[in-house]
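Trainee: The lines below spell out each chain.
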Amino acid sequence: MKKTIITVVGKDTVGIIAKVCTYLAENKVNILDISQTIVDDYFNMMMIADMGKAVKSVSEVSDDLDRLGEEIGVIIKCQREEIFNSMHRL
Amino acid sequence: MININEVLETNKMIEKENLDVRTITLGISLLDCIDSDLGRLNEKIYNKITTVAKDLVSTGETIEKEFGIPIVNKRISVTPIALIGGSACRTSEDFVTIARTLDRARKDVGVNFLGGYSALVSKGMTEADELLLRSIPQALAQTELVCSSVNLGSTKTGIDMDAVRLMGDIIKETAELTKDNDSIGCSKLVVFCNAPDDNPFMAGAFHGVTEADAVINVGVSGPGVVKNALERVRGENFEVLCETIKKTAFKVTRVGQLVAQEASRRLGIPFGIVDLSLAPTPAIGDSVADILCEIGLEYAGAPGTTAALALLNDQVKKGGVMASSYVGGLSGAFIPVSEDQGMIDAVNAGALTLEKLEAMTCVCSVGLDMIAIPGDTKPTTIAGIIADELAIGMVNQKTTAVRIIPVIGKTVGDSAEFGGLLGYAPIMPVNRYSCDAFVNRGGRIPAPIHSFKN
Numbered sequence: 001m002k003k004t005i006i007t008v009v010g011k012d013t014v015g016i017i018a019k020v021c022t023y024l025a026e027n028k029v030n031i032l033d034i035s036q037t038i039v040d041d042y043f044n045m046m047m048i049a050d051m052g053k054a055v056k057s058v059s060e061v062s063d064d065l066d067r068l069g070e071e072i073g074v075i076i077k078c079q080r081e082e083i084f085n086s087m088h089r090l
Numbered sequence: 001m002i003n004i005n006e007v008l009e010t011n012k013m014i015e016k017e018n019l020d021v022r023t024i025t026l027g028i029s030l031l032d033c034i035d036s037d038l039g040r041l042n043e044k045i046y047n048k049i050t051t052v053a054k055d056l057v058s059t060g061e062t063i064e065k066e067f068g069i070p071i072v073n074k075r076i077s078v079t080p081i082a083l084i085g086g087s088a089c090r091t092s093e094d095f096v097t098i099a100r101t102l103d104r105a106r107k108d109v110g111v112n113f114l115g116g117y118s119a120l121v122s123k124g125m126t127e128a129d130e131l132l133l134r135s136i137p138q139a140l141a142q143t144e145l146v147c148s149s150v151n152l153g154s155t156k157t158g159i160d161m162d163a164v165r166l167m168g169d170i171i172k173e174t175a176e177l178t179k180d181n182d183s184i185g186c187s188k189l190v191v192f193c194n195a196p197d198d199n200p201f202m203a204g205a206f207h208g209v210t211e212a213d214a215v216i217n218v219g220v221s222g223p224g225v226v227k228n229a230l231e232r233v234r235g236e237n238f239e240v241l242c243e244t245i246k247k248t249a250f251k252v253t254r255v256g257q258l259v260a261q262e263a264s265r266r267l268g269i270p271f272g273i274v275d276l277s278l279a280p281t282p283a284i285g286d287s288v289a290d291i292l293c294e295i296g297l298e299y300a301g302a303p304g305t306t307a308a309l310a311l312l313n314d315q316v317k318k319g320g321v322m323a324s325s326y327v328g329g330l331s332g333a334f335i336p337v338s339e340d341q342g343m344i345d346a347v348n349a350g351a352l353t354l355e356k357l358e359a360m361t362c363v364c365s366v367g368l369d370m371i372a373i374p375g376d377t378k379p380t381t382i383a384g385i386i387a388d389e390l391a392i393g394m395v396n397q398k399t400t401a402v403r404i405i406p407v408i409g410k411t412v413g414d415s416a417e418f419g420g421l422l423g424y425a426p427i428m429p430v431n432r433y434s435c436d437a438f439v440n441r442g443g444r445i446p447a448p449i450h451s452f453k454n
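Chain order of the listed sequences is A and B. Counted from 1, the first sequence has number 22 at position 22 by the numbering used here; the numbering is strictly sequential. Counted from 1, the second sequence has number 384 at position 384 by the numbering used here; the numbering is strictly sequential.
What the hints contain is simulated information worked out from the structure, not anything from laboratory work. Even glycine gets a Cβ: it sits at the ideal position worked out from N, Cα and C. Among these hints, one or two may not hold up.
[To be verified] Taking lysine-lysine and the PhoX-like style, the derived pairs with C-alpha atoms no more than 20 Å apart in a straight line are: (1) Lys-77(A) x Lys-16(B); (2) Lys-12(B) x Lys-77(A); (3) Lys-11(A) x Lys-16(B).
[Unchecked claim] Covered stretches of chain A, as calculated for chain B (at least 3 residues, CB under 8 Å): (4) 26 to 40; (5) 82 to 89.
Start from the sequences and build out the full structure, keeping to the hints where you can.
Mentor: Printed below as a string of structure tokens:
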């Protein structure tokens, strides 16, 4: 298991989740959990994904999602889970 | 499992509050490069640095991308060059060739600063130490991003006043040689009392002789994160204030610890320490002075500033120490003037003086940092300012430092531009009375009584 956190932040429009999920499926990234919330009128989505079987590296996926985000007008980040665990868990 | 609010909090710190890892500094021992032939020595130094550090920048960039945390600087520190060049260098010019080699190696591995053009002379100078000291102005003028530091005193040894006096001249000469760029050479030169062997921050980083062959040290940052956290507890009592700083420092340091461990693992180089310093930048919202204002001061420098800074420094350490397995370096709040917009504002408003800054250095890490003074300040006066600052370090068993810039051709009312992370600084007035007879006495100040613990 190689957990990464994918976050999507931006104005809500049709098909954001679909596009992100399609990309992840194509690259064999397994989604474990999805949650979302609205903060200051912005759509915030978080996915916990397993990249254990992914065909690309975390930094490649991160670059791809960055570009995908630009195309659909949202900010997409892909970060390894450890940064959040180290900050918020003892 | 991690929840969405925690993820959003972390990313807000990174995106809106300037949370970053300020530096991954790779310390490299050059002791095995020592040679009596200057040409061979330079070749060995170049080869060692470019071999050990070849993957530093790319590894740093990969970590940045995978964790989504900016790592602002990738740097190198080396063994104090006075020790390395001693047997090969017969003149100051010989030492300057090593400075140029260091700059070339630095450029070829792509790091943005290399520190360690240094000498440790807290009790006395060897011939090589003195040659290196005298070579500093040329070395800093002829290289781009090599940093120099000199340890002039310690609690254990007292203060080498001959070297302090000499550094007054060296700083002035360095300023003269770089006067076309607002004497920027002096921003790459720092003098210390009780210099740590594992400091990852420039200009004072060097790889101490107590260290292993190579080591990874990481400096965290995050004044903006602390400031934002404190905005949420306005008007609360000191207990709440301190708890908030402590918790925030813990979170910031954990990121540094993670990055340090990852860098160490990937490079196959042992992890040394995390330096807990709150290091500001000229960016708006990345200011230690702004934290002091948030604590309740109109400007940094107002009455209460020293107490507020003492509290801040202590809580940063208390939170940070638990977050990392090894803490070291300078670890505290930095209070540079030019690199901190809040400090610059305070100086411009007349709230912050050199004397108040000196008092503040009693309770936080380092000392008089990035302070621009009139270009016609006498070398003896600069030596006097250094002696005062080092005395604070010596007596209080802490690190203190001076990085002061006599800006040639400018005076109070003018401003010096250094650019980038170094920022800009209004020229601050210096006490105009003389200390010539004091600093010209010669010799050294003995170690203080409380250093005798054996």
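Trainee: All the hints need checking, so say for each whether the structure fits it.
Mentor: Do the hints match the structure? See the list:
A hinted pair counts as satisfied when its Cα atoms are at most 20 Å apart, and Lys-77(A) with Lys-16(B) qualifies at roughly 15 Å. Only pairs whose Cα atoms come within 20 Å are accepted, and Lys-12(B) paired with Lys-77(A) is accepted, the gap being roughly 12 Å. Annotation: proposed proximity of Lys-11(A) to Lys-16(B) holds, straight-line Cα distance about 18 Å (limit 20 Å). Chain B is given as covering the stretch 26 to 40 of chain A, and this holds because 5 residues of the stretch bring a CB closer than 8 Å to a CB of that chain, at least three being needed.
Counting residues of the stretch 82 to 89 of chain A whose C-beta lies closer than 8 Å to any C-beta of chain B gives 8; at least three are required, and the coverage claim holds.
Comparing the model with each earlier hint shows no violations; every hint is respected.
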